[in-house]
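Chemist: Sequence:
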Amino acid sequence: MAVVAEGEQFALFSNGDGSTYILRSKEDRASTHIEGEDVAAFLAEFDNVKAQYPTYTTDQLLAQLWDQGGYSWMASPDEE
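The sequence shown begins at -3 in the working numbering and counts up by one.
No lab work stands behind these hints, which were simulated from the structure alone. Just so you know, even glycine gets a beta-carbon here, dropped at the ideal spot from N, CA and C. One should not assume that every hint holds.
To be verified - Listed next, with one range per pair, are the computed distances between beta-carbon atoms: (1) Thr54 x Asn11: 16 to 26 Å; (2) Thr53 x Arg25: 12 to 22 Å; (3) Ala47 x Glu75: 12 to 22 Å; (4) Gln64 x Val35: 11 to 21 Å.
Please model the entire structure based on the sequences and the hints provided.
Modeler: So this is what it looks like as structure tokens:
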């Protein structure tokens, strides 16, 4: 997986061909796998948040998706 964006608290990874993304909360030790038809919606939301909050840090952008975007609800605990 390639790093798309990474901060101290959150990270976003892609498999490289754009078919799968992983949004990870380092503090929660949990990740949401975004695949298939959900990818387009996620990327649109990601771009929207970046446009709406251009001064946000990487952690702030990814936290917005995690908390307000509801991706925390789809997360599974990371394997140790």
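Chemist: Does each hint hold? Answer for all of them.
Modeler: Hint-by-hint comparison with the structure:
no.: 1; hint: Thr54 x Asn11: 16 to 26 Å; result: holds, 20 Å
no.: 2; hint: Thr53 x Arg25: 12 to 22 Å; result: holds, 21 Å
no.: 3; hint: Ala47 x Glu75: 12 to 22 Å; result: violated, 34 Å
no.: 4; hint: Gln64 x Val35: 11 to 21 Å; result: holds, 19 Å
The earlier numbered hint that this structure contradicts is number 3, and it is the only one.
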